Structures are given as structure tokens and as C-alpha cells.
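Engineer: One-letter residues, chain by chain:
2 protein chains.
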Amino acid sequence: MSGPTGGKSGENSTISLPGHQAQLGVQAPLRLDSGAELSNFTVAYQTYGQLNADKSNAILVCHALTGDQFIAESHPMTGKPGWWEIMVGPGKPLDTDRYFIICVNIIGGCMGTIGPKEINPANGKPWALDFPVITVGDMVRAQTLLLDQLEIEQLFCVVGGSMGGMQVLEWAAKYPERVFSAVPIATTAKHSAQNIAFHEVGRQAIMADPDWCDGQYLSFGKVPSRGLSIARMAAHITYLSDMALLRKFGRRLQDRDSVSYGFDADFQVESYLRHQGSTFVDRFDANSYLYITRAMDYFDLVSEYNGVLANAFKDTKTRFCVFSFTSDWLYPTEESRLIVRALNAVAANVSFVEIDSDAGHDAFLVDEPEFEKLLAGFLEGAAEHRGLPRVVKQ
Amino acid sequence: MSGPTGGKSGENSTISLPGHQAQLGVQAPLRLDSGAELSNFTVAYQTYGQLNADKSNAILVCHALTGDQFIAESHPMTGKPGWWEIMVGPGKPLDTDRYFIICVNIIGGCMGTIGPKEINPANGKPWALDFPVITVGDMVRAQTLLLDQLEIEQLFCVVGGSMGGMQVLEWAAKYPERVFSAVPIATTAKHSAQNIAFHEVGRQAIMADPDWCDGQYLSFGKVPSRGLSIARMAAHITYLSDMALLRKFGRRLQDRDSVSYGFDADFQVESYLRHQGSTFVDRFDANSYLYITRAMDYFDLVSEYNGVLANAFKDTKTRFCVFSFTSDWLYPTEESRLIVRALNAVAANVSFVEIDSDAGHDAFLVDEPEFEKLLAGFLEGAAEHRGLPRVVKQ
Numbered sequence: 001m002s003g004p005t006g007g008k009s010g011e012n013s014t015i016s017l018p019g020h021q022a023q024l025g026v027q028a029p030l031r032l033d034s035g036a037e038l039s040n041f042t043v044a045y046q047t048y049g050q051l052n053a054d055k056s057n058a059i060l061v062c063h064a065l066t067g068d069q070f071i072a073e074s075h076p077m078t079g080k081p082g083w084w085e086i087m088v089g090p091g092k093p094l095d096t097d098r099y100f101i102i103c104v105n106i107i108g109g110c111m112g113t114i115g116p117k118e119i120n121p122a123n124g125k126p127w128a129l130d131f132p133v134i135t136v137g138d139m140v141r142a143q144t145l146l147l148d149q150l151e152i153e154q155l156f157c158v159v160g161g162s163m164g165g166m167q168v169l170e171w172a173a174k175y176p177e178r179v180f181s182a183v184p185i186a187t188t189a190k191h192s193a194q195n196i197a198f199h200e201v202g203r204q205a206i207m208a209d210p211d212w213c214d215g216q217y218l219s220f221g222k223v224p225s226r227g228l229s230i231a232r233m234a235a236h237i238t239y240l241s242d243m244a245l246l247r248k249f250g251r252r253l254q255d256r257d258s259v260s261y262g263f264d265a266d267f268q269v270e271s272y273l274r275h276q277g278s279t280f281v282d283r284f285d286a287n288s289y290l291y292i293t294r295a296m297d298y299f300d301l302v303s304e305y306n307g308v309l310a311n312a313f314k315d316t317k318t319r320f321c322v323f324s325f326t327s328d329w330l331y332p333t334e335e336s337r338l339i340v341r342a343l344n345a346v347a348a349n350v351s352f353v354e355i356d357s358d359a360g361h362d363a364f365l366v367d368e369p370e371f372e373k374l375l376a377g378f379l380e381g382a383a384e385h386r387g388l389p390r391v392v393k394q
Numbered sequence: 001m002s003g004p005t006g007g008k009s010g011e012n013s014t015i016s017l018p019g020h021q022a023q024l025g026v027q028a029p030l031r032l033d034s035g036a037e038l039s040n041f042t043v044a045y046q047t048y049g050q051l052n053a054d055k056s057n058a059i060l061v062c063h064a065l066t067g068d069q070f071i072a073e074s075h076p077m078t079g080k081p082g083w084w085e086i087m088v089g090p091g092k093p094l095d096t097d098r099y100f101i102i103c104v105n106i107i108g109g110c111m112g113t114i115g116p117k118e119i120n121p122a123n124g125k126p127w128a129l130d131f132p133v134i135t136v137g138d139m140v141r142a143q144t145l146l147l148d149q150l151e152i153e154q155l156f157c158v159v160g161g162s163m164g165g166m167q168v169l170e171w172a173a174k175y176p177e178r179v180f181s182a183v184p185i186a187t188t189a190k191h192s193a194q195n196i197a198f199h200e201v202g203r204q205a206i207m208a209d210p211d212w213c214d215g216q217y218l219s220f221g222k223v224p225s226r227g228l229s230i231a232r233m234a235a236h237i238t239y240l241s242d243m244a245l246l247r248k249f250g251r252r253l254q255d256r257d258s259v260s261y262g263f264d265a266d267f268q269v270e271s272y273l274r275h276q277g278s279t280f281v282d283r284f285d286a287n288s289y290l291y292i293t294r295a296m297d298y299f300d301l302v303s304e305y306n307g308v309l310a311n312a313f314k315d316t317k318t319r320f321c322v323f324s325f326t327s328d329w330l331y332p333t334e335e336s337r338l339i340v341r342a343l344n345a346v347a348a349n350v351s352f353v354e355i356d357s358d359a360g361h362d363a364f365l366v367d368e369p370e371f372e373k374l375l376a377g378f379l380e381g382a383a384e385h386r387g388l389p390r391v392v393k394q
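Residue numbers (my numbering), protein chains in the order written: chain A, 1 to 394; chain B, 1 to 394.
Hints listed in this document are in silico derivations from the structure and should not be mistaken for laboratory results. Be a bit skeptical, because a hint or two may be false.
Just some of the chain A residues that point at chain B, by a computed CB distance under 8 Å [stated by the list, open to error]:
no., residue
1, Val201
2, Phe220
3, Gly221
4, Val259
5, Glu270
6, Phe280
7, Arg294
Computed from a predicted model, the values in this text were never measured in an experiment. C-beta atoms are modelled at their ideal positions from N, C-alpha and C, and glycine is treated no differently.
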């Protein structure tokens with residue numbers, strides 16, 4: 001199998017993505033949890049800052065479901081700021097004067113890394129549902145191949161929120177010697193029934209769209225925009241707290257003084273959601289959405305370690321800092337506590353912070369000064385232990 | 001306008017509904033909040049028990065979004081037990097040996113009362129989107145016409161959960177002299193931004209289905225099953241708590257020992273949701289779903305009384321008992337507290353009970369012994385004040 005870069009197929013065919021690409025699985029294929037194999041496939045990634053001489057200052061940022069590798073620069077498709085510009089840059093918590101930041105578009109994604117919208121060399125068409133189902137474990141295993149190629153033996157830190165946090169946990173569990181420190185944010189060690197339920201609604205919305213064409217929409221020159229948009233709308237509600245929606249919109253009307261007695265977007269919150277749905281369609285692939293949500297639903301580090309999460313972290317030397325947010329109801333603080341308890345049970349080096357925020361799950365993406373300060377502080381402390389100077393030495 | 005009964009149109013055309021029907025708006029039309037008028041329209045309702053000689057023992061049960069008038073008997077379309085058989089019957093809290101129970105299918109509904117699937121006499125086709133948008137106020141106003149026809153001056157009690165609770169609040173606010181006691185359950189005085197957001201996802205899912213045909217699906221012999229099913233799935237998640245989903249399903253697999261690495265319903269919760277969606281389509285009209293969710297979104301008793309909910313209940317003599325459930329995140333206890341505070345502010349006769357339950361919003365529909373006992377107790381106390389004997393006297 002070979003996976004051409006994202007520029008060659010489907011709805012993004014006119015976009016040439018900036019950044020790095022690596023060919024992985026060339027010597028030996030990547031074996032997936034499903035048993036399928038990926039060989040000679042492209043992984044797109046982005047870096048910020050400079051790798052130091054002994055390659056000890058690399059921070060891997062793992063992105064969330066609909067995130068990508070464009071953390072700290074304008075997004076090449078939307079023109080919007082990078083999704084974590086608040087955190088990543090000179091003098092910021094993930095200080096690019098000090099650290100070398102890497103972010104890899106996950107396998108199964110749609111921003112240049114192999115995924116269902118890329119071309120299947122077996123038939124010259126987009127993979128669509130012939131792409132193998134992937135897991136969070138597979139995403140991380142692909143990332144280890146990239147680090148091998150970059151000759152980075154140990155990451156100074158792996159950090160990520162939401163599905164990014166699942167990857168952090170997977171890294172720490174499976175490759176502890178490669179992870180000096182780890183920061184799982186607003187995440188969980190296993191997807192709950194409610195989490196799966198919301199994802200299933202999104203998948204059914206996509207698959208119900210006649211333009212989905214049993215997954216073959218790219219070959220037919222179509223896009224299941226309505227289904228993908230509805231999936232995004234439903235998911236987006238789970239990213240915000242009730243309070244955040246009240247603060248942002250309440251029951252305020254959109255461009256009118258009184259209700260229309262009709263089915264227009266009378267309320268601002270309706271208009272906002274519709275906008276979230278329709279703009280998402282322009283930048284994301286519907287099949288990728290199916291694959292990535294599936295990977296998240298499959299994530300269950302607890303059962304993988306026979307019901308005892310602590311076993312995942314036995315003898316770990318990694319330094320952990322776990323963050324949760326008070327108003328996050330998608331992955332509530334209690335889920336983080338279970339992770340922390342497991343780490344405590346193996347006497348791991350762990351600190352835990354619950355940030356007081358009304359922003360909901362998305363709090364890790366927005367300006368939360370206390371979160372930024374504490375994350376910066378944890379990284380500084382870890383950097384001292386690791387002996388990293390304040391400015392990169394080549 | 002005339003509204004034939006539910007048996008004459010659309011997908012339910014083979015079903016002849018049992019129960020009562022009344023022609024309302026015959027002398028004068030019902031004026032709706034939108035300014036539109038309904039005249040000579042059918043309202044379907046069901047009764048249990050016997051009305052006493054002085055017509056003082058009537059309890060009006062107001063149904064929720066997808067409920068109907070078949071409270072305490074097999075549903076004529078699904079064959080399932082009535083939705084409140086737990087509560088309504090001889091010796092039960094709503095004791096049919098003592099009280100006369102009435103439940104009216106709301107206007108805009110699809111079980112025999114006028115709504116978008118009934119025939120528009122202007123063109124002989126189903127109303128579809130030509131049906132006027134209705135409000136909770138309109139639903140209640142239609143119910144007052146029925147009570148006029150039945151010559152019931154004052155209800156002994158108005159009781160209802162969820163949207164039924166909104167009708168209870170509307171009754172108590174607008175027709176206090178007709179309501180001896182009122183029991184709003186698991187409800188809110190105004191729909192929140194999050195409530196509106198979830199409804200909007202459902203509406204968009206329906207309207208995105210090509211079989212919706214701009215609302216004209218019945219005229220084309222179609223049903224937007226996929227869209228309506230997705231709307232139901234999304235809504236259903238909000239009716240259950242995270243804990244209820246964990247208890248019922250957790251991460252258990254459906255009819256298999258290991259995950260399929262595919263997009264089948266691997267997890268029981270997926271299978272359950274799909275089932276909820278597909279069975280709903282058989283008994284509910286998609287346009288009714290649009291109209292009723294819209295009515296709920298428009299409900300805002302607070303702004304109707306200029307931001308002071310207490311004004312809605314000024315000088316009320318009605319006896320209130322407000323119920324909420326600890327794990328209800330759709331209309332959380334805090335919403336009930338706001339109602340209770342407003343009632344307290346006008347020195348109303350009100351008691352408030354938060355029931356400890358992990359069943360989520362749907363707790364009012366399932367077997368919660370404490371809830372049943374306390375509701376029975378409140379009704380008994382009110383019945384004594386009203387002078388109702390233990391058994392109906394004709």
C-alpha cells in the first residue's frame with residue numbers, strides 16, 4: 001500500500017498543504033490492531049522551534065478528533081489561527097525558544113496523513129471504507145515510526161487534550177521509556193457509553209446522507225455535507241457547557257426582534273450551530289470522521305489491562321501532570337481522577353489540577369490563564385529535571 | 001379550517017384510534033400566539049376513571065414531546081403499555097377510583113389532534129408546513145376549550161413532566177382559578193440555549209433528509225425516516241444520565257465477543273439507540289417533531305413576565321408540588337429551584353422535592369418508588385383540602 005499526500009485526492013485537491021511529510025512503513029509495514037497492515041504510507045506533520053543537539057527537547061503535541069498539525073500558524077485551508085496558538089510560541093507555555101514542538105496528523109485523518117480520502121494504490125480510487133479501521137494505539141504506533149525516522153529516542157513531553165490525551169495515555173502506557181513527561185488534558189482512559197452514543201449519532205447522520213454513497217462519495221464527486229454538518233452540530237454541543245452556551249447566546253435572537261413563528265434560525269445558538277456545521281464540512285472528510293470517532297469509541301485502556309488501569313503504568317518513570325476542567329461534561333473530572341488514582345497506585349510522579357472554568361470540554365483550547373500558567377510551570381519543572389537550558393543549544 | 005381525525009391521513013392511515021374526539025373552535029376560532037387562527041378542529045383525548053357529580057375530581061395529565069393521550073392502556077400503534085401506567089390506575093397515585101384523569105393529545109401532535117399531518121381543508125392535502133407554528137400557550141388554550149366543552153370549571157390538579165411540566169406552569173400562570181393544584185415535574189420555566197441547541201440538531205437532521213421533501217413527504221408517499229430516527233437518537237441521549245447509560249450498557253458488546261473493526265453496532269448502546277430511532281419513526285410524524293420542538297424552544301415564561309417569573313404566579317391560590325431528579329441534566333434541579341423561588345416570592349403554597357435517581361430526565365417515566373409515594377401523598381393532601389372522598393361519588 002502506498003498513501004499519496006493529501007493534496008492529490010478528493011475535495012481538497014486544489015490545496016497544497018505546507019509542512020513536512022514522511023514516508024513510513026517502508027522497510028516493514030505498520031501492523032494495526034485490526035490485523036491489517038499499512039506499508040509505505042505518508043504521515044504529515046508540523047514542527048515549531050529547533051531540535052537541540054542531543055534531541056532531548058522534543059514535545060509531541062497530539063491533536064484531538066477534528067484537530068490537525070497546524071497548531072501555531074494560520075490554517076492552510078481555513079485561514080484561521082492555529083488551534084493552540086495560545087500555548088505554542090516564543091515565551092508561551094510550550095516555548096518554541098526552548099522546546100522543539102512536533103504535531104503529527106493522525107493516521108485516518110484528512111490533512112495529508114494516510115486516511116480514507118487518500119488514494120488506494122490497489123485501485124487508484126480513494127480508500128473510502130476499504131481503509132482499515134484504526135485505533136488510538138495505531139495512531140501512536142505510527143508516531144513512534146516517525147520519531148524513529150527523526151532519531152528522537154525520548155520525547156521530553158507528550159501533551160494533548162481530548163483524543164490527544166488518549167494518545168498521551170497510550171504513549172505513557174506502551175512506550176514509557178520514550179516519554180520523560182506526559183500531560184493528558186480533559187480526557188479519559190476509556191470511552192463511556194454516553195461518549196459512544198453521541199459518536200454513533202454523528203456516524204448515523206453521515207451514513208444516512210444519500211451523498212455519502214456507501215462511503216464512495218469522492219469517486220462520485222459528491223460530499224455528504226448535510227450528514228457531516230449534523231454530526232458536527234451534535235458533537236459541538238458536547239464540547240461546550242450549558243453555562244458557556246448561556247453566556248455566549250442565552251435565548252438571544254438572531255437578527256430579529258421577535259420570534260418568526262417558523263423554522264428559520266430564530267435564536268443565535270441555532271445560527272451558531274448551523275455555522276459550525278457548514279464550515280466544518282469545508283475542512284474535514286466525512287469518512288475520516290467515521291474512522292476517528294470509531295477509534296475513540298474503541299479506546300479502553302482499562303480493559304486492555306484487565307480492568308486494572310494501574311497496570312498500564314507499572315514501574316513508570318514518566319512525570320505526569322493531569323488536567324481536567326470543572327464544566328467539562330464530555331470527559332468529566334471524575335475520569336481524570338481515575339487516571340490519577342491509577343498513577344498513584346503505582347507511586348508514579350503525578351500532579352493533578354482541576355481548572356475552574358465554565359467553558360466546558362473546549363476549555364483546553366481557549367484562553368484559561370490559570371491552565372496556561374500551571375502547564376508552563378509543570379513543563380519548566382520537568383525541563384529542569386531534564387537539564388534543558390532556557391534557550392535551545394544546538 | 002377543519003381537522004379530520006388522525007385515522008384519515010398519512011402514515012397512520014390504517015390505524016383507527018380509540019378514545020374520544022372533540023370538535024373545538026366551532027363557535028369562535030382559537031387564536032394562536034402567532035396570530036393565526038384554528039377553527040373547527042379535532043382534539044383527541046383519553047379519560048380514565050369517573051367524573052364526579054360536581055366535576056371537582058378531574059386531573060389533567062399533560063404529555064411530553066413524544067407522548068400522547070394513551071397513559072394507562074396499551075398503545076394502539078405500538079402495543080406497548082401506556083407511558084404512565086405506573087402512576088395511573090386503581091389504587092395508584094393518580095387513583096382512578098378517586099380521580100377522573102384526562103389526557104389530551106396536544107395541538108401540533110400526531111395522535112388524532114389537529115397537526116401538520118392532518119388534512120388541510122383548503123387544499124385537501126396534509127397541512128405540512130402550512131400548519132401554523134404553535135406554542136405551549138396555544139396547547140393549553142386548546143385544552144381550556146375542551147374543558148369548557150366538558151363543563152369542567154376547575155381542575156383538581158394539572159400534572160405533567162418535561163414539556164408536560166411547561167403546560168402545567170402555563171396553566172397555573174394563565175388560568176389560576178381553574179387549577180386547584182399543580183405538579184410540574186422535571187421541567188423548566190424557559191428553554192435554555194443547550195435545550196434549543198439539541199432540538200435544532202434534531203430539526204436539521206429531519207430537514208436534511210431528502211425524503212422530507214420540504215415537509216410535503218406525505219403527499220409524495222414518503223417518510224423522512226432517517227432524519228427523524230437521527231433526531232430521536234440525539235434526543236434520547238439527553239433523556240438518560242451518563243450513569244443510566246453506564247448501568248444499562250457500559251461498554252458491553254452486542255452479540256459478539258470482540259469488536260468488529262467496522263461500523264456495525266459493536267456496542268449495545270449503539271444497537272439500543274438505533275432501535276430507539278427506528279421504532280420512533282413508526283409512531284411519530286416528522287413534521288410534528290419540528291412543530292413541537294419549536295414550541296418548547298419558544299417557551300419562556302420568564303421573559304413573558306418581564307424577567308420576573310414570580311409575576312406569573314402573583315396572588316395564586318393553587319397548591320404546587322414541584323419535582324426534580326438529581327441526575328436530570330436536560331432540565332436540572334436548578335431549573336426547578338428557579339420555579340420554586342418564584343413561587344416562594346409570592347408566598348404561594350408550594351412544596352419542592354428533588355428525587356435521588358440515576359435515571360436522568362426519564363426518571364419521571366420509570367419506577368421510582370419515592371417519587372410515586374410523594375406524588376400520591378401530595379394528591380391525597382390536596383384532595384382532602386378539596387373535600388374529595390376516597391371513592392368517586394356520582
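Engineer: Restraint: Arg294 of chain A near chain B, CB-CB cut 8 Å. Satisfied or not?
Structural biologist: Cβ of Arg294 of chain A sits 7 Å from chain B, so the hint holds.
Engineer: Going by Cβ atoms only, is Phe280 of chain A closer than 8 Å to chain B?
Structural biologist: violated (13 Å)
Engineer: Once the shortest beta carbon distance from Gly221 of chain A to chain B is found, is it less than 8 Å?
Structural biologist: violated (18 Å)
Engineer: Quick one, is the Glu270 of chain A hint okay against chain B at 8 Å, beta carbons?
Structural biologist: Holds, about 5 Å.
Engineer: Using the nearest Cβ pair, does Val259 of chain A come within less than 8 Å of chain B?
Structural biologist: holds (6 Å)
Engineer: Checking hints one by one. Is Val201 of chain A an interface residue toward chain B, by the C-beta closer than 8 Å rule?
Structural biologist: holds (5 Å)
Engineer: With chain B as the partner, please determine if Phe220 of chain A meets the hint condition of a C-beta pair closer than 8 Å.
Structural biologist: violated (15 Å)
When the structure is compared with the earlier hints, violations turn up for hints 2, 3, 6 and for no others.
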